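Colleague: Chains as they are written, first to last, in this note's numbering: chain G, 15 to 240; chain F, 10 to 471.
Fair warning: there could be bad hints in the mix.
Said to hold, decoys possible - Below, a sample of chain F positions facing chain G; criterion: calculated Cβ distance under 8 Å: (1) A58; (2) N71; (3) R95; (4) R200; (5) D256.
I should point out that these hints are in silico values taken from the structure, not numbers from a laboratory. Since we're looking at a predicted model, the values are computed, not measured. Beta carbons are placed, not taken as given, at the ideal position from N, Cα and C, and that holds for glycine.
Next come the chains, spelled out residue by residue.
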Amino acid sequence: MSDARSDIFARIREALKVKAPKPHLKADANPGKTSAVAKPWLPDGGETADASLTILSEQLAKLKAVLIRVPDHAAAVKAVAELSAAKNWKKVAYHGHELLRPVAAGLACETWEADASFDKQRLEGCDAGITTCESIVAQLGAILVSSATSGGRALSILPHVHVVVAEASQVVPDLGSALALAKARHGDRMPSMLSFITGPSRTGDIERILVLGAHGPKELYLILVG
Amino acid sequence: MSDSKAIFLKDATVNAADGDQRAFIRKALGGYYVNRDLQKARYRDWERARDAASLAKWSAVNDLANVLEKFVANFERNGGVVHWARDGAEARAIILKIAEDANAKAIVKSKCMTSEEIHLNDALEKAGYGVVESDLGEFIQQLRGEAPYHFVFPCMHVKREAISELFAKHLGTAPTDSPEELTMIARRHLRQLYVDADIGITGANFLVAETGQISITENEGNARLTAALPRIHIALSGIEKVVNHLDDLSVLLPMLATAGAGQPMTCYNTLYSGPRKKGECDGPEEFHLVLLDNARTRLLADPEQRDALHCIRCGACLNVCPIFKNIGGLAYGTTYQGPIGSVITPHLRGLKQWNHLSGASSLCGACTDACPVRIDLHHHLLHNRRNAAKESPTLFDQLFHHGFNFVIKRPWLFATGGRIFRATLPLLQKLPLPYMGAWMKTRDLPKAPARSFRDEWKQQNV
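Looking at chain F on its own, in the form it has when it is part of the complex (with noise of 0.2 Å):
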């Protein structure tokens, strides 16, 4: 069993029972599928708009090298610097090396997931440089010293309390059980370190391939500052954040904050085009666009689950998600939990050690139906878990289709065994069987028929 296995097997497990947690992301959850479904109420047809932006993904997604190519020629027209990363390493030396020339010593960062998979505040904060998370959630996060909860609500599951007492051994302040108390503590908090900050780091939600700009989607406006204030922005971002139009963002903006928080649109939605231009009064001097590939591609050259690329992480396959909702976003051990890092974990971080990712899922299909750029993630789930029989089968996988296949081509030792299992029933129920255990622990086996279904058809069918 991989380690990934074990850690999730055992949070899991810990997780479905703690009924008060459950209850309570159930709670924070509630308001969302209301307001989600008045936004969808205002699409005049929510299912062709769904169409049009997995189409916009899908166009761009499948002519990624020349639309990459045409992105990357405007934006470096438009005066930003573009740099490649082949992985995760790479990615934060390259990060390293624009902080180390600029001679940096405060960086704030606003929301950004591809700089959570790289671990770069890690390897910030190893070269000694100050780094402060912006986003509520991911301040909160930060300070707690643990991973997202969820890629777009990173600590839905923190209690108010306890991020009062957070704050208060933290930045020293009273405590409060206000949401909005706390919420100014955090504004106050960060306020001067925008302005005292040499770097901004921000991601990108999508490269406009027709006019070289990035856009940006938050609700708080941490990225607005942070992309205004210092001296030089630094933006991360996968490779398949390309779109080929300006105008796809006219559906893919709003469907992003329908779908993933209930909004018409969140509050600020920026497309940057370069540092400071000649004429402007204040802006980055230099703009940085860090371009990564790690593993992307190797799941670009799955044409099967090639449309998993089109993820605008919204975020909304968590919030439906069965699985998600039992066991909480910390057990996937993932930089994207629910059904989409899942689906894409394994391709990123290997099969072998993220396949029983593809059996937490219950199969319902909830993912797929909320995914607004239509990703057919649970089927994926499927194909994962095929891909890992046949790249390396287990022993257990291995006897048991090859005495299956024996067993189904041979009709008289079907019944034979049948009969056997029948007679035998009774005492199997007795005994602890292999492979089994976790399942029989909440399971009875049946009790057996007298006939078998064959022997049924048989008598009435003469």
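Isolated chain G (complex conformation) (with noise of 0.2 Å):
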């Protein structure tokens, strides 16, 4: 008997002897670049820099994501600071990333550097979790974070809340761009996980009433430097 694989293929191969006629199109759409062909088609990201950034704190508002643009560094240390102190945070876990250690440094409660020493159970008791990320996309108010950039996989999702200390330079007009920079920044080195993380965690499924916070953070902070 010949194993599942060869099986699978040889079905495969036979069925896609005849050929089935390709859709009609309005348009020339390319396979391979299909960000580019139909970028003039999808939810407008801005031209310029400013115009992204106006329909990124649009969107995140409608998502219910708090964003909080500060001038510099040292504003953002002090926005966490404040926002640790209003919530009464008691843990707060990090991604050890030298843009976050000063933020966590200025943090009133105590504070832990999951990526060093991971444990699951407590970071399961952490109130709030503090990650840097890959880019923004303003298209959408998605936030792209990834294993090697924000302190792992549960960082970003165990904890009640997700703050993300980004640079304003950060932000791509579009979810193809931000797909794209992925790709030249890893290559085939991609981390073991990508996330586009779009607002806080939600659910509609009980009478599709939307709720949020259903298994992930119910609060989402983006801290946006510059």
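With the hints as a guide, bring both chains together as one complex.
Modeller: What follows is the structure, given as structure tokens:
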């Protein structure tokens, strides 16, 4: 008996001997260049950096994510400290990144560099997780985090609050740009997880009524420097 | 009549008469229509975006062998293990073997319709594993012991009171009528289970050939947790989920969210390439991907309906289908409900048993119009009807069509027949007609005109 893999490939090759007609398209879409071709059809991500920032703040507001814009890193440290005090966080986990160490040092509560000594049970007990990100997609209000730049897989999903500290220069207009940037940056050594986060965790499973904080963070803050 | 048809007819009749339930479903979908239209309006050209999405899937499905080979090579290079399953039984055996080798006890699952298709939970539970569905809707359906009602909104038919009672019974929580509180009950209950689970099982929305990544779309964060905390991650996917380029997702991810749930993007769209890499602090030690055929190649072999494999399971066709809204999702008796389910189930499970679903349509075309990847859904229902008539015609079909053929070729016979029909119509109105019972129950035969159209035409054109 042949193995399942060769059997399935034999079935596929047999099935594809008869060609299916190409779909009747109103436009010449070009395989392999989907985002370049489809860009003028998709939601606008802004042509200039300012336009992108305007779209981003509108999108984040609709998603019930909170955008805090600050002029410099010192102001970012202060903003997170104020947030922590206002929300009465007791334990905060953060990604060991040069941008985030001063932020953690500025907090009055217990802090823990989660990726230095990972412990899922301890992380589960944290009120907030602070990470950096790969890029931010203005078009959709999506923040791209990765296991490489955001302290692994769990830090951005397990604590009840997620705080992202990023530079304004990390904002890209659309999803196509964010994917191209990730490919250019990591090549064929992609982090084991890349995740687009579009607002706080949510569900509509009960009577299609929106509830925030289904399993992931209930609150999402983006601290944008510059 | 097949068993599945008998059950379908019975359930459909009962559900269609349940005005309260139908009103509840319409209300639940009301918010979706508003949000979907708001999000669609942000597209500068939705119709052309559909073209791009459709082409991205078409080029992968019509070159499936090469694209799959490329995907698998890249997936394995990233450190993942690929398993091949010709059918559900093989897929179940592979997953049971992985669980056994890992000496696992607790398994947490995120939403995966392919696992419903192969009845994975039954098999795992029979083998003694604790299996918990972590998607809120799936969790509720698991407690109810019921299949999903809708493959995107699994428990949209269940009222909050019933969920409150269900949680009180199984979790011992105090009753509440707040969806927010009910969600928090499930959140609290499931959190420790993620931490304790040995294995996390997820589905996959897209397999990206270029990079060997799998893409998972969700809103709750449960798939993220399922793929982060347990030491083994198993993903189960149909072979048709593959796309050529990472760039294709720039169209497919937003359109999946907008068409399916009226969102710009779902909350989490995550790409996984392998287990924990060197230098990463967490993530599973093993990453397995089970690639399932289960009659998908049978659908692939039909060039006329091959585009049904473009389906990205957004559920838009269910949300707009008048039949779905009236009979509900459970009446279908299938893993995939609504128009797409009616199209593909006869291919996956046999046309003879499931052809009745081809008639579960008003052929209004709302599904075809809603589909973000342009699957010609309502015409495929007609194709299935034709194929069923060819493959195993009923005696009635044979007699009727041969008779019709005979009569229509002989104008004198057609005219005579018409005359007899007009004369006997008053009598027929009083008799129970064979084969016409269901149709006649709610309809009366019209009154016969005095003259036929042919007579009328002749007279007026003398």
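Colleague: Now tell me if each hint is right for this structure.
Modeller: Right, here's what the structure says about each hint:
1. A58: holds (4 Å)
2. N71: holds (6 Å)
3. R95: R95(F) check passes; min Cβ-Cβ to chain G is 5 Å, inside 8 Å.
4. R200: holds (6 Å)
5. D256: holds (5 Å)
Against the hints set out earlier in the document, no violation occurs for any number.
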